[in-house]
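Novice: Residue numbers (my numbering), protein chains in the order written: chain A, 19 to 203; chain B, 566 to 693; chain C, 439 to 622; chain D, 7 to 423.
Do not take every clue at face value.
[To be verified] Pairwise CB distance ranges, derived in the manner of DEER restraints:
{"hint": "1", "chain 1": "B", "residue 1": "Phe574", "chain 2": "A", "residue 2": "Glu167", "range": "33 to 43 Å"}
{"hint": "2", "chain 1": "A", "residue 1": "Ser95", "chain 2": "D", "residue 2": "Lys63", "range": "56 to 66 Å"}
{"hint": "3", "chain 1": "D", "residue 1": "Lys309", "chain 2": "A", "residue 2": "Lys153", "range": "51 to 61 Å"}
{"hint": "4", "chain 1": "D", "residue 1": "Arg203", "chain 2": "C", "residue 2": "Glu584", "range": "20 to 30 Å"}
{"hint": "5", "chain 1": "C", "residue 1": "Phe506", "chain 2": "B", "residue 2": "Val642", "range": "21 to 31 Å"}
{"hint": "6", "chain 1": "C", "residue 1": "Arg508", "chain 2": "B", "residue 2": "Lys600", "range": "10 to 20 Å"}
{"hint": "7", "chain 1": "A", "residue 1": "Tyr178", "chain 2": "C", "residue 2": "Leu463", "range": "51 to 61 Å"}
{"hint": "8", "chain 1": "A", "residue 1": "Leu81", "chain 2": "D", "residue 2": "Glu275", "range": "44 to 54 Å"}
[As the list claims (entries may be wrong)] Lysine-lysine pairs mimicking DSBU-like chemistry, simulated, CA-CA at most 35 Å apart:
{"hint": "9", "chain 1": "D", "residue 1": "Lys264", "chain 2": "A", "residue 2": "Lys62"}
{"hint": "10", "chain 1": "D", "residue 1": "Lys213", "chain 2": "D", "residue 2": "Lys226"}
{"hint": "11", "chain 1": "B", "residue 1": "Lys592", "chain 2": "C", "residue 2": "Lys459"}
{"hint": "12", "chain 1": "D", "residue 1": "Lys194", "chain 2": "D", "residue 2": "Lys121"}
{"hint": "13", "chain 1": "B", "residue 1": "Lys687", "chain 2": "A", "residue 2": "Lys182"}
{"hint": "14", "chain 1": "D", "residue 1": "Lys66", "chain 2": "B", "residue 2": "Lys687"}
[What the hints assert, rightly or not] Partial pick of chain A residues on the chain C-facing surface, computed with a CB cut under 8 Å:
{"hint": "15", "residue": "Tyr166"}
{"hint": "16", "residue": "Val170"}
{"hint": "17", "residue": "Pro173"}
{"hint": "18", "residue": "Arg175"}
{"hint": "19", "residue": "Lys180"}
{"hint": "20", "residue": "Glu181"}
{"hint": "21", "residue": "Lys182"}
{"hint": "22", "residue": "Pro185"}
{"hint": "23", "residue": "Leu186"}
{"hint": "24", "residue": "Val187"}
{"hint": "25", "residue": "Arg188"}
{"hint": "26", "residue": "Arg189"}
Please keep in mind that the hints were generated in silico from the structure rather than gathered at the bench.
These numbers come from a predicted model, not from an experiment.
Cβ coordinates follow ideal geometry from the N, Cα and C atoms, glycine included.
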Amino acid sequence: MSQKVLDALTTAHAAAIERTESQHGDEIAWVKRDQLVAVATWLKNDPAMAFDAPVFCTCIDRLDWRPLGVAPSQHWSEDKPRFEVCYQLRSSKHRHRVRLKIAVPEHDARLPSLAGLWPAFDWQERETFDMYGIKFEGHPDLRRIYLYEEFVGYPLRKDYPKEKRQPLVRRDDLTRSTSSVGKEK
Amino acid sequence: MPAGLAIAFAIGFCGLFTALAVFIGPKRTNPEKLKPFECGSEPIGSPRGRYSVRFYQVAILFLVFDIEAAFMYPWAVLYNQLSKTDPDGAGPLPAQISMFGFAEMLLFVGILVVALAYVWRKKAIGWE
Amino acid sequence: MGVEITTTRLSDAALWAKAAKQSKLDQVTNWGRKFSLFSYPFVTACCGMEFMSVAAPKYDLARFGAEFPRFSPRQSDLLMVVGTITEKQGPALKRVYDQMAEPKWVIAFGVCASTGGFYQNYHAMPGCDQVIPVDVYIPGCPPRPEQVLDALIMLMDRIQAGRGHSQLAIKREQIIASAAQDEG
Amino acid sequence: MADAQSLRQLVLGRKDVQDLSDTEQDLPPDLMTVNMGPSHPAMHGTVRIVLTVDGEKVVKSDVQPGYLHRCFEKESEHATYTQIFPYTDRLNYVSPMINNVGWAMVAEKLMSIGKDIPKRAEYIRVIVSEMSRITDHLTCVGASAMELGAFGPFLFFLKCREWLYELLEIVSGARLTHTYVRVGGVSKDLPAGFDERLTHTLDEIEKVMVEVEGLLNNNKIFRDRMAGIGAMTREEAIATGCVGPIARACGVDYDVRKDYPYSIYPEVEFDVPVGTTGDCLDRYLVRLEEMRQSIRILRQCLKQIPDGPVMIDDPRCALPPKVDTYNTIESMIRHFKHIVDGIKVPAGETYAFVEGGNGELGFFVVADGTGRPYKAYCRSPSFVHLSTASQLIHGHLIADIVPIFGMINMIGGECDK
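Bound-form chain A, shown alone:
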C-alpha cells in the first residue's frame, strides 16, 4: 500500500530519484547523493507523506557481493559504487514506510547528514561512520560511538578480518608461554 509513496516521490522529485523497487513489501527509492537533503525534507514536511518517525540508518558494503541464482550482471564489480547507505523512514500518521538508498563510491565516502531533520539519525550516523567509515557532512559531532578512538580501520567492512584485535591493555605479568595460534593477521 505504500506504492503510492513511490509514485508521489517520483512525480515530485523525478530528477532526484534514480529508480524505485519494491522487495518483500518494503518500498525502496534510490536517491541521488546531492539531492538527498531536498528529498528528505520534502518527505518529512509534505502533509501527504509526513515521514516523521526515523527507523534506522545503516550501510551495505557490496565488496564481494556474488548472490546465487542472480544474473552475473547484478554481481558487484569495480565500476559500481561499493557502499549503499540506507535510511528507513516511517510515517506515524499514514502508517506507510519507505527506505531511501544512496550509492556511495569508496574513494570519496561522503554523504550529507540527515541528523538535522531527524535527531535519531545523530547516533545512527555516528554508528555507520564508526563501522563503515562513511563521513556524514554537517553532522553535529561525528566521532566513533562504539569503538575507542585508538581503533584503526572500520570493522564492518568486508575486508576487515573478524578476529583482528587491537588490544588497549593486556596483563604485564602475563608471559605468553605457549605460542598463540594465528596471531593477529
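Please arrange chains B, C and D on chain A, whose structure you already have, making use of the hints.
Specialist: Below, chains B, C and D without anything else, positioned relative to chain A:
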C-alpha cells in the same frame, strides 16, 4: 558501669582494631591504587575546584538531625524508669506513670522542629 | 581463527606456595576472610540477569556470607567479573582491579568472562584473564545459579588454603623481603 | 604607606575596602566534570556519562555507549541463519524469546513462507514472547525500584521472574538463553501439563503485582523521585525514533502488534496502555499495565491454541524427521547439508520488526542466496532510547539520572549490539 570505664573500653576497642589493621594488614600501594575511584574511568577534572556552598549546608543540617536521633537512643532505653514517679521503686505505693520522660523528649524535639521549620522555609534543604 | 592461548605461569606460583607453609595466624585470618566476602559485581552483560537470580531469594547468596555487593573497590575483596569484557572495557576492569585492597580474589562469571565464549571477534576480549589474574572460572552461558554457589565454595577452599593469586603475591613479597634482610 | 596596605592585604588576604562593591557578588562555582563511568550500578555496567555539573544540577552530559559492543553484525556474517539464534538471544537478554521470534520472522519474510507457518507454532511463539515480555518488565521495574531504595519490590518481582524462568526452562531447556525458535516454527512442542502450570503462575504473578503496586504506586518517596523526572513530549519521542513503553508513555499510540500486526496477534484482544505526561512515573505505569495485558493475552492463547505440527514441513528450512534421517540416505544428506550449509535463503533484502520489550525491534537482512546472511543489521530500541538520554538528563539533579536510566531500560547487549 561507671562512665569512665565505658569510655576506656570504647577507646581501647577502637584503638585495638586500628592498631591491628595498621600493623598486621598488608600494605601494597601502587600509583594506580592511589588515584580516586571514578567508576573505572580515568579521573577527570580536579576535586580542588570551587563548588557550591549548598553541599556544606546540607551536610551540617544532616549532622544536626542525625545527632538528635542519636540522643533518642539512651532516652528510649531509660524510658521506663523515667516514666515512674519514684524511679528506684523504693516507696510502698506502686509507681504511677509520670509524664516526665515523655515531656522531656517532647521539649528536646520541639526545639529542633522549630529549627527544621526555619530551615525548610529558607529552602536550605532542597537544591533549587 | 586467531585464538590466543595464554596460560599464567602457575609453575612459579606453586613453587612459592610450597616454600611458604601456612602459619597458624594465616589459617585463622584466612578462615575469617573466607566467610565474609564482599563482592564488587562488575556486571556488564546477560550473566547479570543470572547474578540477580543468584542474589535473589531462591538461590540466596547470603547463605554463604557473600551477599552484600559493595559498589566500590575500596570496600570489596571479591571481584565478580560478570559478562563479556570488551577491549573498550579492559582499562576500566584493570583499574577497578588495581584499586582493590589486597588480598583480593576474582571470579570469572560465565564463559564470556572466562574465555570470551562464542564472541571471538575484534572487540570481545578472549576472557578477562587477559587483563587480571582470575582465581575461579565458572563455565556456562549463563551459568546456572547452582554453578555459581559451587564456584563460591571452591573459592572459599582456595582462600582457606591461601592459594589465591593475591595471597601468593603477598607471600612471595614477604619471602623476598625476608630473604633480602637475611643477606643485608 | 603602599607597602603597609599591601602587607595588610598579604596578611589578611582580604581585598581592599574600596574593591568590595556594596554587595559581595557570589562568584559562580566552577563546573565540575564527573565520570558516571562504565562500572556503575545505575549504568547497567555498560554506559559511561561524562557529566558537567554545577553543584548537583547536570549542565552538560556526554553519554558514551559501546562498552558491550560484541559485534553482532560481524558474527552473523560468519554464521548460518540457524546459528544466529543464540546471538539474537543475547541482544536483549531480558526478553530473549522476542528477539528469536524477530529473527525467525525476517528469515521467513525473505523466504516468503510467512503465511504457511503452522498455527500452533505461531501460538507457541506468542505465548513464549509474552512470557518473555513479562520477565522484561519485571526486571526493569524491579531493578529501578531497587535503585530508588525499594528493595522489597525487587525481591518480589525476582521471585515471579524465577517462576517464569522455570517455565521457560521447561519449554526451551535454558533459563535465559533459550534459542528455542527456528526458521519455520519452533524447535520443540510445549511439554505436557504446561498450561496448568502457566495459569497457576499467572495468578500468582497477579497477586504479587497487586502487592507491589500497593507498595509503590502511592509511595511518597517513589512518586517524588519519579513524577516529573525525565519528561519527554510526543513530538520529541517521534522525532528521536523512540518506540515501546517510552513512546507510549508520551502519548504516542504506536505498538507494532497493533499497527503492523504479525503472527496471530489479530486473533487475541488486548489494549495498548498510553500515558500522558511521558515522565518516569508514566513509563512505570505503562510497563505495569503492559504486564497485565500480556497476562491477558497469555490466558486467551492458552484457550485458543490448536493442535498440529510445530514446524513447517517445507524441505527448504525444516529438518527431516529423525526416523527418516537415520533410515534414508536422502534425508541424511538433507539433514547434513541443512546443518552445515544452513538454510538457503533466496537473494534479497528486507526489514522485519516485532514488538520487543523496549519497543520496535527489527532486523534488516540482506541475503545472498547462501546459508549465511550477507548483512544482518539489528535495529535496537535501546540504542535509540539511549540517544535521548543526555537530553532527558539535562537540568535534573545527579540523583535523577538513576530513575531516568532505570525507566529507559537500556539493555547493554541490545544497545551496543
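Novice: Each of the hints needs a verdict: does it hold here or not?
Specialist: Here is what the structure says about each hint:
| no. | hint | result |
| --- | --- | --- |
| 1 | Phe574/B x Glu167/A: 33 to 43 Å | violated (58 Å) |
| 2 | Ser95/A x Lys63/D: 56 to 66 Å | holds (58 Å) |
| 3 | Lys309/D x Lys153/A: 51 to 61 Å | holds (56 Å) |
| 4 | Arg203/D x Glu584/C: 20 to 30 Å | holds (21 Å) |
| 5 | Phe506/C x Val642/B: 21 to 31 Å | holds (28 Å) |
| 6 | Arg508/C x Lys600/B: 10 to 20 Å | holds (19 Å) |
| 7 | Tyr178/A x Leu463/C: 51 to 61 Å | holds (56 Å) |
| 8 | Leu81/A x Glu275/D: 44 to 54 Å | holds (49 Å) |
| 9 | Lys264/D x Lys62/A | holds (24 Å) |
| 10 | Lys213/D x Lys226/D | holds (23 Å) |
| 11 | Lys592/B x Lys459/C | holds (21 Å) |
| 12 | Lys194/D x Lys121/D | holds (20 Å) |
| 13 | Lys687/B x Lys182/A | violated (61 Å) |
| 14 | Lys66/D x Lys687/B | holds (28 Å) |
| 15 | Tyr166 | holds (5 Å) |
| 16 | Val170 | violated (11 Å) |
| 17 | Pro173 | holds (5 Å) |
| 18 | Arg175 | violated (12 Å) |
| 19 | Lys180 | holds (5 Å) |
| 20 | Glu181 | holds (5 Å) |
| 21 | Lys182 | holds (6 Å) |
| 22 | Pro185 | holds (6 Å) |
| 23 | Leu186 | holds (5 Å) |
| 24 | Val187 | holds (5 Å) |
| 25 | Arg188 | holds (6 Å) |
| 26 | Arg189 | holds (6 Å) |
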